[in-house]
Amino acid sequence: MRDVERCDLAALVDLDQGRISPRLFVDPEIYRLELEKIFARCWIFLAHESQIRESGEYVTTWIGEDPIIVCRDRIGKIRAYLNMCRHRGALVCHADAGRTGAFTCRYHGWSYSTEGQLVGVPFEEKVYPNGELRKEEIRLVEVPRVESYGGFIFGCWDEHAESLEAYLGDFRWYFDIFLERALGEWEVVAGVQRCVIECNWKLHAENFGGDSYHVLLTHAFATRPGLNPFFSLGSLPLYMEFPAHVVTFEQGHSMIDVLYHGEYYQADLEAARRLGPEAVEYVEACYQKVRTRKSPEQADVYGLGPGLIFPNLMFLDFGCLFPAGFYFMRPRGPERHEYWAIHLQDSRAPQVVKEILRRDFIMGQAAGGTFTPDDTDNFWGMTQALRGIVGQRQWLDYRSGLAREGAVQIEGRPGNIGPRPSDRGQRNFYRRWLELMTA
Amino acid sequence: MRSEKQWEIEQFLYREARLLDERKFDEWLNLLSEDIRYWIPVRETRYGGGVCGEGEMAYVDDDKKMLELRVKRLGTGLAWAEEPPSRTRHFVMNVEIVRDEGDEVEVHSNVLVFQSRYATYEQFYVGKREDRLRREDGQWKLAYRKIILDQALLPRTLSIVL
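Protein chains in written order, with the numbering used here: chain C, 4 to 442; chain W, 10 to 171.
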């Protein structure tokens, strides 16, 4: 396999013309470089704080193809480690989640504290007599930077990286709307949906981070009478007629359905009335909380819509009565990734609201829902076509909105705002991707 | 001695499996009681179980209306994950009546579902079904189904009935 050179990559991403080479989605060499240049350098979502509340609680996840343990140590500090014994490299933790006092390798029994320190070596005196092994010098490889924003834990292998706050950048102004909207705490509904998807992770990232176009086509069924699976959203204008815009951020994040003046709030209120006064009161309280604790401008945005936190955390949020979903991708080769669907709920939402949200989450954008399977069947098909040698000589078209760049300005709203629908989110994603890959 | 009831229950489950494989979803819906719960909780790798419970995450947690919506969706010609349709084969085995209350029985069985899409897109789903069947007007109906998957990672997005 030949090396992918810098100049090669730049020739594959032609943002001025709005076109991208299919090689980005099938080439093993590009994929290998991504693990190094993107996953081992960016801030990567690890877990939500509600999943590990107590000392010793842990979840396991992945940064690129490296297995990671995220845990609370004895004093409650959140730490992340490479899930790899320093002796011969075996996993020291085998479950998706749980609670433990130590991470013990089952191969030779080396045991590490939740602080990452090697504390136990069986038969130490026989195997390493006369101090051959200096336990105190051996620790699990620790992810050097672990920071949280609003309960979302991210990790970064680059010691010199900017802070998580700086990495989220202007997106924080929007993220804060979501975070502030909960009357209680956001907490993960126990259990993470996991499924394999046969396509490059970027096809999925650019779908959430840019593609409002496909919604009425791939998901056309939902516009048929009686087939909208969601309790809320019914009163919004037809999706393509949304008075919405795309917001992109320097760091590669994007949001694709940001509305102007409280439309998501009005849709929520209307849905809440069907549920009764408790739900109406709840929706109003959430709106007022954002308004007073943040700003009226932020309260007006109210829901974030679909979007992407670069590189591999997608989200979907249309307000209090639409299920909040965060979707993590674990890359597994150039033509495969895992999709982990995580549903968050406001701990103080009324029970009737919680139950509707859980059902809508399962029925909508989820592994067994009515939306995701249609997307992924498309992605599988794209992968079949993009793999061909002639297919790889073609360009894929990302030109929508090229002639409308910078056409939208909204007072008081940060980020780069642009027209919707357009491929602006996708172009922003690949701009950032290229920047990191050629750095 | 093999009981009549065991035979009836097995025949019901085989017929149900055949209707799903023949994609006769409307007929399949007729086998379900009005108050059915069709539940596939999320399975995780954990010490001591890992099957999600009430109020926790599931791949499917449907009442009759939701199942009808899924079937109606499949009939639109717009459910791309099943257009053209997958070929499926349901194998129902180890059928065991674990509780018999006359007109309502609890039946456990193992289920193996093969799904083939296009030429090369194939997978298996494997799990245990915990069903409750109820006799209504002389006909057995499925009133409750919980499928405990053996898989903590689905082999693809789920677009078929298990």
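One or more of the hints may lead you astray.
[As the list claims (entries may be wrong)] In silico EDC-like links for lysine to aspartate or glutamate, alpha-carbon gap of 20 Å or less:
| # | chain 1 | residue 1 | chain 2 | residue 2 |
| --- | --- | --- | --- | --- |
| 1 | C | Lys-357 | W | Asp-72 |
| 2 | W | Lys-81 | W | Glu-145 |
| 3 | W | Lys-74 | C | Glu-358 |
| 4 | W | Lys-73 | C | Glu-358 |
| 5 | C | Lys-357 | W | Glu-63 |
| 6 | C | Lys-357 | W | Glu-65 |
| 7 | C | Lys-40 | C | Asp-11 |
| 8 | W | Lys-137 | W | Asp-109 |
| 9 | W | Lys-155 | C | Glu-358 |
| 10 | W | Lys-155 | W | Glu-92 |
If you're looking for bench data, these hints aren't it; they were derived computationally from the structure.
Taking the hints in turn, this is what the structure says about them:
no.: 1; hint: C:Lys-357 x W:Asp-72; in the structure: holds, 17 Å
no.: 2; hint: W:Lys-81 x W:Glu-145; in the structure: violated, 25 Å
no.: 3; hint: W:Lys-74 x C:Glu-358; in the structure: holds, 15 Å
no.: 4; hint: W:Lys-73 x C:Glu-358; in the structure: holds, 16 Å
no.: 5; hint: C:Lys-357 x W:Glu-63; in the structure: holds, 12 Å
no.: 6; hint: C:Lys-357 x W:Glu-65; in the structure: holds, 11 Å
no.: 7; hint: C:Lys-40 x C:Asp-11; in the structure: holds, 15 Å
no.: 8; hint: W:Lys-137 x W:Asp-109; in the structure: holds, 19 Å
no.: 9; hint: W:Lys-155 x C:Glu-358; in the structure: holds, 18 Å
no.: 10; hint: W:Lys-155 x W:Glu-92; in the structure: violated, 27 Å
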